[in-house]
Amino acid sequence: MLKRKGVSVLLVMAVLGVLIFSASASVLAQDEQVTITVGTWADESFEEAVALFNEKYPNIKVELQLAAINDHHDNLLTRLAAGGEVPDVAYLEDQYISTLAARGGFVDLSQPPYNGDEYKDELVGYPFAQATTEDGELVAMPTDVAPGTIFYRHDRLQELGVNIEDIKTFEDWIEVGKKFMASGENRWLIGDVANIYTMMINGSSTDRYFNEEGELVVNSERFLKAMKTAKEIRDMGLDAGISEWTNEWYTVLREGQVLMQPSGAWLGGHLKEWIAPETDGKWRVTSFPKGYDGPWGGSFAGIPKSSDNKEAAWKFIKFMSTNKEVQWKNFEIANMFPAVESLYYKDAFEEKLDFYGGQKARLVWKETIMNIPEINTSKHDSMISDIMWTSLGEVLEGTKAPKQALEDAERLILRRIRR
Amino acid sequence: MRQNFAGSNNSGKFTKKLKKILLYIVLLAGVLATLFPFFYMIVLATRGRSEIFNYPPPLWFGDSLEDNYQTLMASLPFYKNILNSLIVSTSATLLTLFFCALGGYGFAKYEFKGKDKLFFLMLATMMIPMLLGVIPWYIMMTKFGWLNSFKPLIIPGAANAFGIFLMTQFMEDIPDELMEAARIDGAGEFEMFYKIVLPLSLPGLGTLAILTFLGSWNNYLQALLVLETEAKFTIPVALSMLRGKVDQNWGAQMVGTAMGIAPIIGVFILASKQFIAGITEGSMKG
Amino acid sequence: MRLKKKHAPYVFISPFFILFFIFGAFPILFSLYLSFFRWDGMTAMRFAGLGNYRFVLTDPWFWQSIYNTLSIAIMTTIPQHVFAIGFAFILHRGMVKFKEFFRTAYFLPYITAPVAVAMIFTTLFGSPFGILNAALSGLLSLPLIGDLLQLLNISYPIRWLGDPNFIRPSVAALLTWRFTGWNIIIYYAGLQKIPKGLYEAASIDGASTRQTFFKITLPLLRPIMFFAMLMSIIGNMQIFDEPIILLGVMGGTNRAGLTTAMYLYQTAFGWTEFGTGSAIAYILCFFIVTASIIFNKYFRREI
Chain A
60 MLKRKGVSVL
70 LVMAVLGVLI
80 FSASASVLAQ
90 DEQVTITVGT
100 WADESFEEAV
110 ALFNEKYPNI
120 KVELQLAAIN
130 DHHDNLLTRL
140 AAGGEVPDVA
150 YLEDQYISTL
160 AARGGFVDLS
170 QPPYNGDEYK
180 DELVGYPFAQ
190 ATTEDGELVA
200 MPTDVAPGTI
210 FYRHDRLQEL
220 GVNIEDIKTF
230 EDWIEVGKKF
240 MASGENRWLI
250 GDVANIYTMM
260 INGSSTDRYF
270 NEEGELVVNS
280 ERFLKAMKTA
290 KEIRDMGLDA
300 GISEWTNEWY
310 TVLREGQVLM
320 QPSGAWLGGH
330 LKEWIAPETD
340 GKWRVTSFPK
350 GYDGPWGGSF
360 AGIPKSSDNK
370 EAAWKFIKFM
380 STNKEVQWKN
390 FEIANMFPAV
400 ESLYYKDAFE
410 EKLDFYGGQK
420 ARLVWKETIM
430 NIPEINTSKH
440 DSMISDIMWT
450 SLGEVLEGTK
460 APKQALEDAE
470 RLILRRIRR
Chain B
17 MRQNFAGSNN
27 SGKFTKKLKK
37 ILLYIVLLAG
47 VLATLFPFFY
57 MIVLATRGRS
67 EIFNYPPPLW
77 FGDSLEDNYQ
87 TLMASLPFYK
97 NILNSLIVST
107 SATLLTLFFC
117 ALGGYGFAKY
127 EFKGKDKLFF
137 LMLATMMIPM
147 LLGVIPWYIM
157 MTKFGWLNSF
167 KPLIIPGAAN
177 AFGIFLMTQF
187 MEDIPDELME
197 AARIDGAGEF
207 EMFYKIVLPL
217 SLPGLGTLAI
227 LTFLGSWNNY
237 LQALLVLETE
247 AKFTIPVALS
257 MLRGKVDQNW
267 GAQMVGTAMG
277 IAPIIGVFIL
287 ASKQFIAGIT
297 EGSMKG
Chain C
29 MRLKKKHAPY
39 VFISPFFILF
49 FIFGAFPILF
59 SLYLSFFRWD
69 GMTAMRFAGL
79 GNYRFVLTDP
89 WFWQSIYNTL
99 SIAIMTTIPQ
109 HVFAIGFAFI
119 LHRGMVKFKE
129 FFRTAYFLPY
139 ITAPVAVAMI
149 FTTLFGSPFG
159 ILNAALSGLL
169 SLPLIGDLLQ
179 LLNISYPIRW
189 LGDPNFIRPS
199 VAALLTWRFT
209 GWNIIIYYAG
219 LQKIPKGLYE
229 AASIDGASTR
239 QTFFKITLPL
249 LRPIMFFAML
259 MSIIGNMQIF
269 DEPIILLGVM
279 GGTNRAGLTT
289 AMYLYQTAFG
299 WTEFGTGSAI
309 AYILCFFIVT
319 ASIIFNKYFR
329 REI
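Chains as they are written, first to last, in this note's numbering: chain A, 60 to 478; chain B, 17 to 302; chain C, 29 to 331.
Just to be clear, a hint being listed does not mean it is correct.
Stated by the list, open to error - In silico lysine to any residue, SDA-like type, Cα no more than 25 Å apart, as pairs:
#, chain 1, residue 1, chain 2, residue 2
1, C, Lys325, B, Glu193
2, C, Lys125, B, Pro72
3, B, Lys289, C, Lys325
4, C, Lys33, B, Leu216
5, C, Lys224, C, Phe126
6, A, Lys179, A, Ser169
7, C, Lys33, B, Lys32
8, C, Lys32, B, Leu48
9, B, Lys159, C, Ala72
10, A, Lys388, A, Thr94
11, B, Lys167, A, Gln124
12, C, Lys221, B, Glu127
13, C, Lys34, B, Leu113
14, B, Lys29, C, Leu164
15, C, Lys33, B, Asp192
16, C, Lys221, B, Leu118
17, B, Lys35, C, Asn324
18, A, Lys120, A, Asn368
19, C, Lys224, B, Lys159
20, B, Lys133, C, Ala53
21, A, Lys331, B, Pro72
22, A, Lys383, A, Glu122
23, A, Lys364, C, Arg66
24, A, Lys331, A, Gln217
25, B, Lys159, A, Leu125
26, B, Lys32, C, Lys32
27, B, Lys131, C, Arg66
28, B, Lys133, C, Ala72
29, A, Lys331, B, Tyr85
30, B, Lys32, C, Lys125
31, C, Lys221, C, Gly114
Said to hold, decoys possible - A partial selection of chain C residues facing chain B, derived with a Cβ cut-off under 7 Å:
#, residue
32, Ile139
33, Ala217
34, Leu312
Honestly, the hints are just simulated from the structure, not real lab data. Here a beta-carbon is modelled for each residue, glycine too, at the ideal position from N, C-alpha and C.
Here chain A stands alone, though its shape is the one from the complex:
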């Protein structure tokens, strides 16, 4: 008798349970939970950023897929090629846009419903050019920018009795470099003269490797001058022949054995945190010689076409690119320069930074950003860049004369492009 009663109680509970469940399910269904995967490189600032994102969009769950920066891009390419699972949001470093995004695998964000172009005024303008393909598709939104800047050792300049105000051109830097080299042992103007080449190429024109008409312009005055200057500097012994991100490089930065180091503003963070923390106060920053202001890095985020959650992905990207709070947070935590222009007018930009001996470094960078031209890019950039790089190597080694190297490079590039 009891058993029977027990069973019927259970049955009732079961039915009630199902009713309640389906009722609540339909209520919940109205705020749909979506999960997006975001593929990016491992960085401390992302967790905070996701937290801020979820404050505004609690229904969008974010799964971070982190990898070391090189692996992230390699994996992305492999997955795209295999037609496998790709993240809904893929972060891209500037130099990878040509390889990964410029070939049609990413959504054109200038189209509705995204209309990314609308943010051109709010955000810094030039990165939009970097992320726009030859066909006019906006394949990614800028999330942080990297103004090119020169970090120089103020203490060394003082020892030489030179004022930074007097150094305006590349020739000036060479002169002061000679003085520095003569002043002691193991002293150079710069660690790797290839940086000089990069400085002279990056921002000197709206053309990178191709002009407006789509013609290859590597065999031109601009590149010739860059190669000749680099060779000159190498021949004078003004560069240490040290590659970036090697032990030697960290050493010369620390010991003040090189006078200057061009890079993106983000290098400051590295210098301060772990490369040369003891050199606090000895550095200052200045811009590239006039007419050469250019980018040195920069991050973007795009949506691979095979994503099933494009809407939610776009919400994430839009947030990361344009939301002032998260942009500022990233800047504070990880030194990622904001893409949102209005942030440049915050008081913090006037701050005197101790690491640069009280210099208002951020203003220098702001100035640079405003000067960077809109550079047109091409899907061949990665390949051309590699070819130009080894050409530069040949010139520096003395294997080829600059003019010859450029002609050979042009030939090689055309051969590949024309296939």
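Model the placement of chains B and C on the given structure of chain A, informed by the hints.
Same frame as chain A, now just chains B and C:
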């Protein structure tokens, strides 16, 4: 660096001692070259972030071991990662031994139609650089639904040409007379395999075990592609997570790397003792 | 039901080949197929016939990479095996203690993770401040040795990883360090199989160590030597990770350290020309097959 073994057998006690000393010097020189980098790695594991790149480079232990360890543990479920590596590598090794020992036996001790052609074909597959193979491989793993599991790291590699070739070479010179005698005595084919051939191929099995285990342990590219959640990561993948864009966490990476080597050394010593040195004279008697 | 002798081989080899076929066939065929197309991984494939092969065979950088690959392979394979056989023999026959310790130590380079290898060897080869250069500058200041070194007409400090003349030897040195232990393992196991009785008989007959080595050990080690050397040749012609660790993916100054495998990789993954990359793979394969055949003939004839 070859030791000069010239000299007659009538060496006096002194020459013998001299030879011994020279031998040890040569061996120790080799140890210095191979042990030093390992030692240096441990030194770096005890050094703080900016100390690691000091000039001159630090050659003695620092005091940041605790910090580096904490950073490592805070960033990753590292003991789980070690466990994952152990599971993957052990499974891969056992599976590989199985397939390759069987296959090697077939090639080594039997004649059959098409044997040479088949053998050469299999050998030839090793000569095709498979750097791009990762794309079709990934396609397959996706289609099988094996993503974010250990299966892709264990199963596909078990039948590899290197393994079967190695086993064949190690089994080949087991005397055929031994086999014939056993057949006459009424032994079956399988019986001969595990009673006679397998014990005699212990050095080969041990070698294959070590090399397979190691290859699996250090497998980076494929593991990176298929493992998606931290809890599933093997050691190499886990450690690569420490390389952020801003902070490279060298000290923590070194600690992790050092911790990751300990199990392999254990396996190596185990396998060496059991397999390679384990052969006894008795089994050779007819 | 007993297994018949004539069925036995097929039974034994089929598990291997089934698995091998399932997982090995598709990648190989896919790669081959791809070599006749242009493909960037994302857009549609375009048929190219032999175009990729023609392009690669007329590409000066490809031929340079072949030269690099061959010279590095030769520079490292010979020392690797000479050292490996030597050390394995000493450990096996020389009455030394602590064999475990030595064997483990020699194997360490192969175990060491790439990250650590990178750190160590860039410190070793660094210029101007690397360890080797520091040692050299010490030697240069010594009276006799210093003069001899000056005579060599090299500019010090040596840019081990920057000077095209030194890049290939430096890579070869790293490879030798890394893979000799691997071969020691294999040779040591091979030595285990030689019956001790033979050595005893030889020593009773009054044979010296040298005679024993050349008349007994080497001949009986032949199958293992063939295996290990062939594997070495095949492997060293596909060297990829180690040069990248030292030089970056384009092989350093003047592409002196660009191996064909690296060039393949960069063509496919760096420049998204997967079809061309596949063609490079199969052309390299041709070179490897040729090298193997030459080795096979030579080995049968010699030792």
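Of the hints given before, which are not true for this structure? Hints 1, 2, 3, 7, 8, 14, 17, 19, 26, 27, 28 contradicted; others consistent.
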